[in-house]
Amino acid sequence: MLAPRLAVRFLSSSKGQTTLIAIGIAIAISVQVFVGTLIISLQSGLLNDTIGRSPHITITSADENITIGNWGNLVTTVKGVGGVTAVSVSVDSNAFAIKENRSEPVLIRGLDINNNDKIYRINSAIYQGVRPGKGQVLIGKDLQILLGSKTGDVLTVATAKGTRNNLTISGFYDLSVSNINMAWLITDLDTARSVFGYGDIITSIELRVKDPYTADSVAKKVTAALNDPHLKVVNWKDQNKALLSGLQAQSASSGLIQGFILVSVIITIASILAITVLQKSKQIGILKAMGIKDRDASLIFLFQGSLLGLIGSVLGIVLGVGLLVSFITFAKGSPLKLSIDYIFLFESWVIAMVSSTFAGLLPARRSAGLSPIEVIRNG
Amino acid sequence: MAEQDLSTVPSADKVIELRKVNKVYKGAVDTQVLADIEFTIERGTFNSLIGASGSGKSTLLNIIGTLDRPTSGKVIISGKDTAKLNKNQLAELRNRTIGFVFQFHYLLPEFTAMENVLIPYNIYGGNPTKEVLARADELFELMGIDKVKNNLSTKMSGGQQQRTAIARALINRPDIILADEPTGNLDSESTLNIYKIFREINKMYKTTFLIVTHDRRIAEEADRILEIKDGRIVMDLRR
Numbered sequence: 001m002l003a004p005r006l007a008v009r010f011l012s013s014s015k016g017q018t019t020l021i022a023i024g025i026a027i028a029i030s031v032q033v034f035v036g037t038l039i040i041s042l043q044s045g046l047l048n049d050t051i052g053r054s055p056h057i058t059i060t061s062a063d064e065n066i067t068i069g070n071w072g073n074l075v076t077t078v079k080g081v082g083g084v085t086a087v088s089v090s091v092d093s094n095a096f097a098i099k100e101n102r103s104e105p106v107l108i109r110g111l112d113i114n115n116n117d118k119i120y121r122i123n124s125a126i127y128q129g130v131r132p133g134k135g136q137v138l139i140g141k142d143l144q145i146l147l148g149s150k151t152g153d154v155l156t157v158a159t160a161k162g163t164r165n166n167l168t169i170s171g172f173y174d175l176s177v178s179n180i181n182m183a184w185l186i187t188d189l190d191t192a193r194s195v196f197g198y199g200d201i202i203t204s205i206e207l208r209v210k211d212p213y214t215a216d217s218v219a220k221k222v223t224a225a226l227n228d229p230h231l232k233v234v235n236w237k238d239q240n241k242a243l244l245s246g247l248q249a250q251s252a253s254s255g256l257i258q259g260f261i262l263v264s265v266i267i268t269i270a271s272i273l274a275i276t277v278l279q280k281s282k283q284i285g286i287l288k289a290m291g292i293k294d295r296d297a298s299l300i301f302l303f304q305g306s307l308l309g310l311i312g313s314v315l316g317i318v319l320g321v322g323l324l325v326s327f328i329t330f331a332k333g334s335p336l337k338l339s340i341d342y343i344f345l346f347e348s349w350v351i352a353m354v355s356s357t358f359a360g361l362l363p364a365r366r367s368a369g370l371s372p373i374e375v376i377r378n379g
Numbered sequence: 001m002a003e004q005d006l007s008t009v010p011s012a013d014k015v016i017e018l019r020k021v022n023k024v025y026k027g028a029v030d031t032q033v034l035a036d037i038e039f040t041i042e043r044g045t046f047n048s049l050i051g052a053s054g055s056g057k058s059t060l061l062n063i064i065g066t067l068d069r070p071t072s073g074k075v076i077i078s079g080k081d082t083a084k085l086n087k088n089q090l091a092e093l094r095n096r097t098i099g100f101v102f103q104f105h106y107l108l109p110e111f112t113a114m115e116n117v118l119i120p121y122n123i124y125g126g127n128p129t130k131e132v133l134a135r136a137d138e139l140f141e142l143m144g145i146d147k148v149k150n151n152l153s154t155k156m157s158g159g160q161q162q163r164t165a166i167a168r169a170l171i172n173r174p175d176i177i178l179a180d181e182p183t184g185n186l187d188s189e190s191t192l193n194i195y196k197i198f199r200e201i202n203k204m205y206k207t208t209f210l211i212v213t214h215d216r217r218i219a220e221e222a223d224r225i226l227e228i229k230d231g232r233i234v235m236d237l238r239r
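Listed in order, the protein sequences are those of chains A and B. Here the first sequence is numbered in this note's numbering, starting from 1 and rising by one per residue. Here the second sequence is numbered in this note's numbering, starting from 1 and rising by one per residue.
Rather than coming from a laboratory, the hints here were simulated on the basis of the structure. Ideal Cβ placement from N, Cα and C applies to all residues, glycine included. The reader is advised that the hints may include incorrect statements.
What the hints assert, rightly or not - Looking from chain A toward chain B, a few residues come up when the C-beta cut is under 10 angstroms (computed):
id : residue
1  : K210
2  : Q283
3  : I286
4  : K337
Unchecked claim - In silico lysine-lysine, DSBU-like type, Cα no more than 30 angstroms apart, as pairs:
id : chain 1 : residue 1 : chain 2 : residue 2
5  : A       : K282      : B       : K80
6  : A       : K99       : B       : K155
7  : B       : K87       : A       : K282
8  : A       : K15       : A       : K141
9  : B       : K80       : A       : K15
10 : A       : K79       : A       : K220
11 : B       : K80       : B       : K14
12 : A       : K15       : B       : K147
13 : B       : K84       : B       : K74
14 : A       : K282      : B       : K147
15 : A       : K282      : B       : K196
16 : A       : K282      : B       : K74
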């Protein structure tokens with residue numbers, strides 16, 4: 001093939017110009033990789049903070065009586081729904097925690113923490129003490145500070161029905177959300193049941209799904225599988241509309257920035273190649289006189305575009321990853337956790353390659369349209 | 001003016017055939033550059049085309065070389081009616097049948113002399129075979145420039161560059177060499193050398209030559225001299 005050979009030779013014969021273009025493309029692509037990764041990390045960090053330790057889908061009773069009986073079958077049904085990765089049940093109810101003369105409103109959460117910790121990952125959030133056993137309870141960091149509790153202290157909980165129970169504090173957790181740390185008293189299922197005088201019931205089934213963004217469609221499938229008007233299925237997307245639209249706006253602005261960077265890459269390559277067509281018009285003219293076809297004459301510039309894209313994008317990705325690595329190294333204390341997404345890097349590379357080849361189209365057309373007679377007549 | 005009888009030439013021997021070729025440049029005022037040009041050139045002959053500048057001789061050469069199309073009339077090259085060929089077929093015809101030598105060498109400055117000579121072969125043949133490489137070597141020797149064949153084309157003298165351009169025109173063993181003032185930029189010694197080489201090639205390979213020049217001394221070396229004036233053939237002299 002003559003066209004790629006000519007493309008390589010044309011590029012290598014003007015090394016200074018080629019290097020400058022490649023650096024220009026590389027800088028643009030590195031910025032694109034850096035900004036893209038920053039936004040992706042920001043998004044996943046935000047998403048993790050919001051729903052990292054919470055269910056994606058919650059099934060509760062739709063009736064006034066908030067309890068769900070016969071829950072074993074329901075759990076089996078829900079586990080069979082595609083996309084569901086974890087299922088857990090809980091017994092929740094409001095109460096007051098009383099210590100000396102203070103009384104704080106709390107939510108007693110009876111969880112299956114010994115068997116199923118995939119949703120709240122409570123075990124990893126315990127910073128002092130151990131998991132609660134029968135008659136024991138975990139309290140959050142904020143409530144601990146407020147009450148000045150230690151492990152082994154006895155906490156009295158009063159229910160709306162007027163019953164009082166004494167629970168021993170087995171430890172303390174920190175779920176990084178002040179409201180939760182303040183309000184949740186975490187215990188096992190049986191303790192929660194006995195506090196509220198319940199039988200073998202639960203109050204909710206909580207699920208996590210593989211891709212959090214599909215929670216709404218999985219929730220629909222769950223509703224269909226359960227097929228029970230007495231049950232209510234809600235997903236995190238419905239509960240966090242403001243966050244979701246924030247994330248979407250962020251994605252859109254990130255896309256916009258990356259789009260503009262690509263457009264500038266395309267314009268740079270296209271304009272430089274257009275000048276190259278002018279510079280090389282004599283050569284193209286004589287090649288046409290010697291019988292090169294218009295298609296091959298235009299291929300020279302498509303190849304040049306993709307070659308520049310290849311050099312520029314590989315350099316750019318290396319530079320971008322370098323920037324990210326130095327950012328990760330030097331900003332260790334930053335709450336933003338950057339992680340390099342290899343799929344995103346590959347996508348960036350493919351898009352850069354396609355764009356630069358596309359950028360060669362206009363000059364390629366010019367080259368195809370060049371008439372040898374013009375070149376020869378004008379010397 | 002010696003009019004030739006077209007019918008007496010067997011068609012297989014007609015390598016170039018022009019019938020009532022006109023070229024008009026449209027503009028505010030139409031300019032007729034060529035008017036009813038009609039002649040044939042036989043295979044293996046050595047011809048010169050003379051005329052003052054602006055007489056239309058370069059336009060005629062470009063039309064014969066299929067770089068330009070006539071406004072009306074027929075141009076038949078090696079038996080093929082060029083009006084019936086599309087752009088790609090014309091490109092192929094040029095590559096296989098015609099070798100061009102211009103006043104300026106138009107070598108690709110990014111390539112060596114050898115690479116430049118092989119380009120017409122590369123266009124359709126891909127990588128050169130041993131036979132083609134041997135042919136290229138032979139041409140370099142014939143041109144007397146085999147010492148500089150691996151030089152970049154910019155690192156040669158004007159005479160060497162023009163000889164490289166001639167070798168390039170010959171690499172595909174074309175039927176026809178069309179040369180437009182091929183020695184216009186060279187001194188008289190180089191000029192004489194180039195014509196000697198042209199004659200040799202003409203004898204060795206039976207290549208047909210049509211050389212445009214304004215230098216009468218050179219033209220007179222040809223077997224046949226065609227003179228063009230104001231777009232018309234005014235003299236057709238065979239010797």
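Numbers of the earlier hints that this structure fails to satisfy, in rising order = 1, 4, 6, 8 and 9
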